[in-house]
Each structure stands twice: as structure tokens, then as C-alpha cells.
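> Once you've looked at the hints, dock chain R against the given chain Y.
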Amino acid sequence: MASSTDLDIVNVTKRFGSHAAVDDVSFSVAPGEFFSILGPSGCGKTTLMRMIAGFEHPTSGDIRIRGKSMIGVPANKRPVNMVFQSLALFPMMTVGENVAYGLTCRGVSRAEAEERAGRMLERVGLKGFGERRVTALSGGQRQRVAIARCLVLEPTLVLLDEPLGALDLKLREHMKIELKQLQGTFNTTFAYITHDQSEALVMSDRIAVMNQGKFEQVGSPRELYHNPATPFVASFVGETNRLQGEAAAASNGAIAVRLPSGAIVQGQGSGAAQALAFVRPEAVALAQDPASLGNLPNRFEGRVSAVLFDGAASSLLIDTTGFEQPVRAVLPQAGPLVGIQVGAPVHVGWTADAMKVFAA
Amino acid sequence: MIAKQASRLTLFLLLAPAILWLGLLIVLPHVEILVLSFSERVAPRVYAFGFGNYLEFFTEPLYWRTFARTAFMSILVTALTLVLAFPIALYIARVAQGRLKAMLLLLCLLPFWVSELVRTLGWMILLRETGVISYALRSIGLAGQPVELLYNDGAVILGLVYGGLLFMIVPLANALESLEPAVVEAGYDLGGSRWTVLRRIVIPHAMPGIVAGCIIVFMLTVGNFATPVLLGGKNGLWFTEQIYAQFITRFNWPQGAAFGMLLLLLSSAIVWLGLRLTGQSLGTTLKQA
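Taken in sequence, the protein lines are chains Y and R. Quick note: the first sequence, position 309, residue 309 per my numbering, numbers continuous. Positions in the second sequence are counted from 1; adding 1000 to them yields my numbering.
Read the hints as simulated data drawn from the structure, not as lab findings. Beta carbons are placed, not taken as given, at the ideal position from N, Cα and C, and that holds for glycine. You can trust all of the hints, since none of them are fake.
Covered stretches of chain Y, as calculated for chain R (at least 3 residues, CB under 8 Å): (1) 79-88; (2) 99-112; (3) 147-157.
The shape of chain Y in the complex, shown without the other chains (with noise of 0.2 Å):
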């Protein structure tokens, strides 16, 4: 059967016990896409990964790869292979014969898994790499050399177990980069789970959003920063302002929450009883006279509490009248406010469709 997708997962749980770690997760991953799964740590991912990669065994459902069902099948069969949170490399073998491994498994003459794995290491820029220790290799090169071991078996799918956690952060942003750039060069599927929203937000063409076993949301960077579905997605992908109250008037996707203070937000959305409203600092806009806001909905007035200065994402802390917590705003490095001081007084105000408002 010709399928359109690499991967499909089709109602499959997890249970431990008693405890779900993966909840009847279904989703589907096209080929050459950037699938991410972002989670929380203890929210499954690492499991339902395990489970394609098949180290751990679902309790119910399927897991097909290209139409294929990989139940019973055992792990060193599957056309899926994994690149591992500490990267996993054989300290006992050279560079060149971590490559050749997996080609020597499947029976490839030595001379040939040689030659090939010579030309992977160059495809990733290790040219003449292969007579070297992997303890005597930077991190950067190590990651490259778990990629090729993997690549070098022109596998359907490429997991990647959060494989960047190691590295220092300089580093981890140039191979978030090199990363994306190899899925496109080799057009494989790669499956990768993170914690981190930034390496999924930079690197993904979709993301799964996955909190306590389930999957919040599935869509593309975009849809879940501007679009979340839920509260826990909201909150959890990219910075936000958190606010809570009741709802009061509602029609037509536009609602009113108004807050323990009694100050009245407008957003969109529906909220029962409860409601939680979020509204991201860069929508916050600020300015010292309060008529340059005149046309916004939501308008307040504060105090700088605290100036978080991080070159272009430097942002204010404002105490805000009507608030429990100061509000979150975005300060741009360029404009009337860059010398901005604690204590000053400052208007914040934002529209109705930045605010995203969902019953708590």
C-alpha cells in the first residue's frame, strides 16, 4: 500500500501502572516534514519516541511507518533510527566506524561501509574524521556524528531525543540552524522532542504541543504562537501575561473578563464562570501619553517596576492599576521609551484580538 505519510500513530496509550504516559495520542508526520513534539518534562513524549523507536511497547494502538504496523516489530528492524539525548556515540569504535556501524549490521561489505561512511562524514563536514577518537571530537562534531550514523542508513525517520540539551548556548542556537539545514539537504522526515519552545518554534514545520500524556495542539510555529487552542499552550509556548477573572458580557467571539480588582479587559474568545485571558508582551503597547493609545480597547495605566534589559528582547515589568501581577510588556530599542527608568510612570494599552480568553 503506497502511503502519503512516514508516520502515523493511531490511538496509542501508554500505560505504567495505573498512570497513562502517553493518553491516546494520534497524529500523523508527511514526508521531509520537521515534526516536533514539545512538552513539559514527565509529559510522555520521551515514551511515545521510546515506543517508535521501539525500546517500550504500546498498551493499545498502532504505530505504522509507511503504511506499515511496527507492532511486534523489534526495534533493530524498524526503518527508524534515533539520535539520543547524550548522543550515545561507541567510545570504543573510531568516528568512521560509529558511521559504518549500522551499514556493517545490515550485512554492507566492510570496504563499502567504509567508503560510504567516509562520504557521510563529508556530507556533514567531518571530512577525514573517521581514524579519530569520538572523546576527542568538540560537541558540535559529536552531534554531527550521531546525524550521519543515523543518515548513513537512509532511514524513514530520524528521531531526535532533545539531542542539543548538552550543548552550551552559543552553540545550540548555531546547530538549530545546521540541523534544519541537514533535514533539508537529506529531504528526511525527522521526528524531534524538546522542552525547549525555541528550538521547536526555529527548527519545525508543525509542532505538537503535548501536556500530561495528550496532545494540546498539533499545527505550524505561527498557529500555535498566535492561534493557541488551549490555555496550557498559550502559556506555555513562547512569553505571555496570564491573567485571571469571571466573564462578564460575551458576544460574537469578542468577551469581556473582568478581574478581582474589578478592571475590565476586552478580548476574544469564550470563558465560563472562570476565565483566563493572555495577552503576549511584544501586543503590549506602551507609551507615556495616554491619547497616543486612544483607539485601543484595553487601556491602563503603571509604573516600571523592572527594566529587563536583553538587547532586542528587552522588556518592561509595569505595575499596573487593576493587576495582581505586573504586566509583561516588550521595550523596543529604538523609539521615545529606550532610557525608560525604573519608577516612571508609563500607559500600557493592546487590542481586543491580542488577547486570548479561555474558560478556566
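Just chain R now, with coordinates in the frame of chain Y:
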């Protein structure tokens, strides 16, 4: 100045037991034995320097045959111990968790709370003609008459393997424990069968432990006395018995000393060869043991 002298004295006092132990119990007897082995009796109570004792070893077939037999059997015992201990160590290191792991190691250790002699007597009670196994075989009708299972090579090997097992399991389990589970999983994930993973990943990783265990077991076996004598009887023919006979029965100390030196040379040579063949250094091996 005084402080310096005092600290030097402290160092000396702290080292003294070790130096005395090494000097008096290891170095001194060996020097004595080395000297003794080169002295020949030319007349009653008159000794002269000569290689006669070593020559005697090569000219008398019983001696060098026993020597070769001891070497061969010790290598066989070491290999058997390794084969038996590997799965046990693998289980203790990689499968057993927490209390079970501690308990299994304790179970391996337990027999060593009893003296070697008593343990060997235990084997004799099981194996002798009127022993437990012979009786059991007869009562289920597998044997018509009492079976003597003692006093053969099999019994000697059995006893020696049993005695060496713990000393193989501990360094092996230590080496296997440091193998990262993800590395083994990666071995399967990339298409390796159980056998490939064992051969290319687990065994190379455990190599220092394997070599350490083999050296210890080989040394203990080559130098063992009680087990071959008790379980092998007259058929034991272990080289330590020859040394014992020269020193105690024949009262020919120079001959015994020469045999002692030869045994030392034999074990050193085989250990060196073992390290050479496996490409291990003595340093890493000792760390593992």
C-alpha cells in the same frame, strides 16, 4: 627544620607496615628462594652454585608435564569461569536493581565466609562414591552401583571454577555497570542483533574488567593447593603439589625453590601474554579490579 624532620618521621612510620610487609614477606623470601634455587648439593651439607635444579626440571618428564598441565588447566579454568561469570555479571550490573543487586552480590560473597577447606569438603560430600549425587543417581535408577565422581580432572576443574567465580564476577560487574544504557540501545537502534551488540559494544567496553578478572582467577588457580589435592587426589598433579613435596616430603629445599621460581615465571609470562593479546595495559586493568 624540626617540623620537616617530624613530617619525614611521620611518613616513615605510616609507610613502615607496608614496607615491612612487602620486604619481609614478599621480597625477602623471594630473594632467599632465588638464591636457594641456584645451589646444588655436591656433598652432604655442602652446597655450590649451579643450574642443576633447573636442569632437573627439564630432564624429568613428570615435572615439566605437571607444569604444562597446571598451565593448561589454569587457562581452561579461567576461560570457563569467564563464560560462567559473564551472564551473571551482566544480570547483576544491568538488570537487577537496588536491593536485588546487593543481595545477588552478597549471595556470591557468602560462600567465602567459610574457609576454602570446608567449601572443598562440601564438594567432596557431594561427589564421593558414598556421596549425595551418587546416592541420588542410584535411587532414581540412573546408576546401578555407586559412582565415584571425585579424583578426576572434572572434579578439580569444578572446584577451581567455583572458587574463582566471585573474583571474576566483581570486576566484570564493575566494568559492565559503567556502560551507558543508551549506548546499548543505540547499538540495537542502528540495526545490531543481540550478538552484534554483545560482540562490538558490550564486550569491548567490559574488556578491562574481563582482563582483570582473568588475571586474578588465573593467579589464584595456578597457585591453588587445597582444591587440586582434595578433589583430584593422586590424579590432581598440580604443580604446587610438586613444590610442597620438594620442601616438605623430600626436604630438598633448593629443588622446591627452583620450582617456585618457575611457577612465578609462568604466571608472569601468561599474564603478560594475556595483556599483550587483549591490548590492555596493567594500569587500566588494576583500576578495574
